[in-house]
Amino acid sequence: MTADEVESLAIGAGVLGTGGGTHPYVELLNLRKLYRQGKPARLIDPAALADDATVAVVGFMGAPLVTKERLTDPAHALRPVTMMADHTGRPFDAVMTIEIGGENSLLPLMVGALMGIPVVDADTMGRAFPEAQMSSFAIRGLPLAPFAMADIRDNRLIIDRAASQLWTERIGRGVCTEMGSIVATCSAPRTGREVRENALLGSIGKAIHLGQAVRDARQRHESPIRAVLAAERGLHLFTGKVADVARRTTQGFVRGVAIIDGFDEHAGSRFSADFQNEFTIGWIDGDLAVMVPDLICVLDAVSGEAIGTETIRYGQRVAVVSLPADPLLTSDEGLAIVGPKAFGYDLDYVSPHPGSS
Amino acid sequence: MKRIGIDVGGTNTDAVLVEDDAIAGAIKTPTTADVTAGIAAALKGILDATGADPASVDAVMIGTTHFTNAVAQRKGLTRVAAVRICLPASASLEPFIDWPADLRDEVNGAIHMLEGGHEVDGRPIVPFDEDGMRRAARDIRARGIASVGITSVFSPLTAEFEERAGDILREECPDVAVTLSHALGRIGLLERENATLLNVCLHDLARTTIDAFTRAIADSGLDAQLYITQNDGTVMLAEVAAAYPVFSFASGPTNSMRGAAYLSRRSDAIVVDVGGTTTDIGMLRNGFPREANNVVEIGGVRTLFRMPDLMSLALGGGTLVGREPVTIGPESTGYELMTRGLVFGGDALTCTDLAVARGLIDLGDGDAVGDLAPALLDAAFAHIHATIAAAIDHMKTEAGEITVIAVGGGAFLVPPAMDGVAEVIRVPHGAVANAVGAAIAQVSGEVDRIFQDLSRDDAIDEARRIAEQRAIDAGAEGASLELVEVEDLPLAYLPGNSLRVRVRVVGDIA
Amino acid sequence: MSPLREITWDDLDALALGTGVLGTGGGGDAYMALLNCRKLHRQGHRFHLIDPADLGDDDMVAEIGFMGAPLVVKERLPDPAHCARPVRAMERYMGGRFKAVMSAEIGGENGMLPLVVAAVLGLPVVDADPRGRAFPEMQMSGFPIQGLPLYPVTLSDVRANDVIVTRSASPGWTERMLRRVCTEMGSMAALCRPPRSGKEIKEKAILGTVGQAIRIGEAILGARARHVDPVRAVIERAGGAELFRGKVVDVARRATEGFLRGTVDIDGHDGDGGRCYRIDFQNEYIIAWRDGEVVVTVPDLICVLDAVSGAAIGTEEIRYGQRVAILSLPADEILTSERGLAVVGPRAFGYDRDFVSLHERTRS
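Residue numbers (the working numbering), protein chains in the order written: chain A, 1 to 357; chain B, 1 to 510; chain C, 1 to 364.
These aren't lab readings, by the way, just hints derived from the structure by calculation. Misleading hints may appear alongside valid ones.
[Said to hold, decoys possible] Just the calculated beta-carbon pair ranges, DEER-fashion: (1) A/209 <-> C/147: 42 to 48 Å; (2) B/487 <-> C/356: 22 to 28 Å; (3) C/202 <-> B/160: 45 to 51 Å; (4) B/453 <-> C/356: 58 to 64 Å; (5) B/416 <-> A/209: 47 to 53 Å; (6) A/209 <-> B/300: 24 to 30 Å; (7) A/209 <-> C/186: 27 to 33 Å; (8) C/147 <-> A/140: 44 to 50 Å; (9) A/244 <-> B/69: 34 to 40 Å.
Remember, it's a predicted structure, so these values are computed and weren't measured experimentally. Yeah, the Cβ is synthetic: ideal placement off N, Cα and C, and Gly gets one too.
Produce the entire structure from the sequences given, and follow the hints as far as they go.
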């Protein structure tokens, strides 16, 4: 991947972050440094993986706020991968991310660059989600454990067996908090075949394409919002100014509501967006407009830059767009894990995207 | 109370004298290269214009872009040492990593990364390496570096390691200038460290500049307290401001907005400040500019200062007008307006020329624009008005009509009426709104910290107490302090009851 | 190799009493473990003790532990199969099989649990442990004191969640990670400490402590049967010194950072009439004063027994009005060495004083 593609990936991943995590500036700086040192990342098409290739599935777990102080470190990202290879006795042929949305999009590139293995063009969410079991592998019944975790002090822990996906998330989350709310993780290795059959393919290419579209639009002084919509077959739901944001922390997640008062063609209307780390449900003037797992992206109306649930605030001028969720997420099995009911809403999934409900 | 407000801009230095609650006089003089002379000239000018007795002036407030310019131009900066207390964390991205190369080369004197820093829950990552700090201090001294910025992970939560490091440093390097990052607030290690390093590389310049201001004031026969205006529209005692030059980076636009509020007696309005090259549009709330929470680049360096939320348009008195088709800007004559504009004998059609042709202002030689076609003027003004109106609409935060205050040298470009605007106010002395803003400024104290295991009310009370003390230290009259802003944000994933609280208090100068 | 000694039904009662005494006030209540052992015995399982000398140098031994909030343990009754899970997890991780099990501490419930695990796994229990008593924190143990690592450790719960700490930055971190996982698991978990080799046990463990606990229990049971003073019987059988007899007149407790801290005041009677004793505790009894003068400190054992029954009284159950006898047994020289005192001496518990032993020691 060229350095320029990495820049695009960062922007695209920010949009796909649906409010959880923000533009991955720190991760991008790390990658620029690796590239300057002659350590680029390589991308591999899932189709090119051998059936029995061993793929590392990586992600940082923790609070986005903490990465702003504790600056992601590629060497740290590598530890759980090495742990897992030792634990299973199988070296890795490739690496992929659990989550294309936000900072985790760049993580496999750091691992790949340092280990000299390619990054698989795929992920397990197609966006960002708050919990570890909200992944395509889990939806398809593949276990998350063994699950390796390491912190910056080189404390190392493996959840060898877990009673369920949820238990892996629960124990992992507890340890993560104890270690300072930032740990590098590597979940159960997947074979090339399992990736092809159970991951969301092409995620990185998609994010690069999306980021490139935004950058091109900015350069030509055209609307980056329109570029996002075109690149992803998205829907423009609303444009307005943030009038109010109410947040509270419960059970380790940032939950809340953002209210947006419309302008231009939406003048006189009001958009209400619930969030639980990521934006989850949106209403326009009281009517349901969009819900998980469809992506709800709040972007700066002028620059197209993604706005996070921790940084959205009064007065910001924003556009709300929705991108369609991967069909795997909107299947019955998928909705059980990432649909509105999994987020505590007694709602049946309905989508504004044609062909999605 | 007699106060003189001086705003040192890129082109002009404006000065006003405010006495009890009225503007006694205002002047504009060209900004000079020699700062002391410029201030002295401004003081002389305003005293002459008002006939006031120098000894009767109680306070002088100065706002200047001097420090921002120094960073932008890479001039007058000192070599610094960056100490980061973070290991084993935060190691892969060293200090100065994303600085423009030329600025980094100018300023980077030494980097020391040490074990220590805190977790988000307030516990140390690992114990602080005090021996390492001592060795670092000796190395810094050996290199002849006398300015040091110290940044520790999560120091806005607990300053303990930064303070200890500062103590050790001062033991080894007696005359060192130190900035501790926690004084600059904000979670965000790189941005806070950048602000810290920028601050300390400006230390010497700040010291000499403030001394020069002080001298100029004394030389002019005044016995007045000197205050320096801050990014948020308040002022700080010069002594305190000297330690934090970064806090005065953006005071220009803020002063304009504060001045507009004062001159119009409105505290909630949109302010349109039309200058020579740009128009800045901001929103006043409770008499203060609404602030943006974005990344702000100073000289190409990424920081997280809270700056006024401004929309900037490439539109000003000197903006060049195209005839066929009719275009407005973005290029401008800038400070060359006085030579290049048609009414000044030049050959460039500018917005000022249009205004003279339309009779909006009387400036230069009106005959030089007598033959501009009405169709051209109509089209041009339609374009200008539409641009301004659209920008105002974007700045509004609710439906309904809002008041607009037009200030700045090019305020004549703002139309008298617009949709969604209740009224457009022009104020006397609007051209020197920035100096007015400086003169009437109050003193503030601010806190932006994470509190743990306190109830929301207790955390806010504690934050308020700290903010009030800071305001008093900066020169505020304790009894006059008022709560201007409170914001609280519960934090994701954090153990215990972690609440990030921002409090700002403002009071009169003591 | 000598035949394995069987721990008989009667030995079980003695062991429960003896581990209580060696628990120095902490270590948990052995009652549940005793019930489990009896049930296993009735089901046909038998418990065997192996002399450390009979271990092969390379034989791997599983050091068994248990972690949990005492209140939870009272509700969430330990389950033998559960206790064995971390051992299996460790075998999978290490790629080997254990030849025997051993307790992480002989004091209290932890002294009996290995029998439960051993029976389920069909392995003998090693007659040794690394503490010779009980201590509140993970690193307060003979093996880490003598430089053996505190990882890997496996931790399991009843739901079949198995966690392995494969490396920790410090003993404090091992404790923190395990405790956090244990909390997520519902504040109750079984653990297996780093595997120890036969050689390591022979050279670095405190030998014969299971047998010692049984002897102490037998002395108490025998004294009860003969209606003579059980406390005296313990001292005659196990050595040590009787320090005081009296009535508990005050107990002050506070729970901080997961430990039970406090102070007990005892007014003497009979020969100790007119004098008073004070003992500070941090889960275990740590330091004792007689009339204001320090008499005995950690790591020497301070044991508080019921003056009539001879049963040990723990820091959670001691209360006003109980009639008690206080005795002290000498700590093993591993704990009183310079390295040992750095970890388990008075200073490690926050007291600014040096360790002075009450007991004569024989050095080998």
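Structure-based check of all given hints:
1. Against the hinted window of 42 to 48 Å, the Cβ-Cβ separation of residue 209 of chain A and residue 147 of chain C comes to about 56 Å, which falls outside the hint.
2. Between residue 487 of chain B and residue 356 of chain C the Cβ separation comes to about 59 Å, which falls outside the hinted range of 22 to 28 Å.
3. A C-beta distance of roughly 47 Å is found between residue 202 of chain C and residue 160 of chain B, which places it inside the suggested range of 45 to 51 Å.
4. Checked against the hint of 58 to 64 Å, the pair residue 453 of chain B and residue 356 of chain C fails, with Cβ atoms roughly 41 Å apart.
5. Checked against the given bound of 47 to 53 Å, the beta carbons of residue 416 of chain B and residue 209 of chain A, roughly 48 Å apart, stay inside it.
6. With their beta carbons about 29 Å apart, residue 209 of chain A and residue 300 of chain B fall inside the hinted range of 24 to 30 Å.
7. Taken as a hint, the range 27 to 33 Å is violated for the pair residue 209 of chain A and residue 186 of chain C, whose Cβ atoms sit roughly 47 Å apart.
8. Between residue 147 of chain C and residue 140 of chain A the C-beta distance comes to about 47 Å, which sits within the given range of 44 to 50 Å.
9. Between residue 244 of chain A and residue 69 of chain B the Cβ separation comes to about 39 Å, which falls inside the hinted range of 34 to 40 Å.
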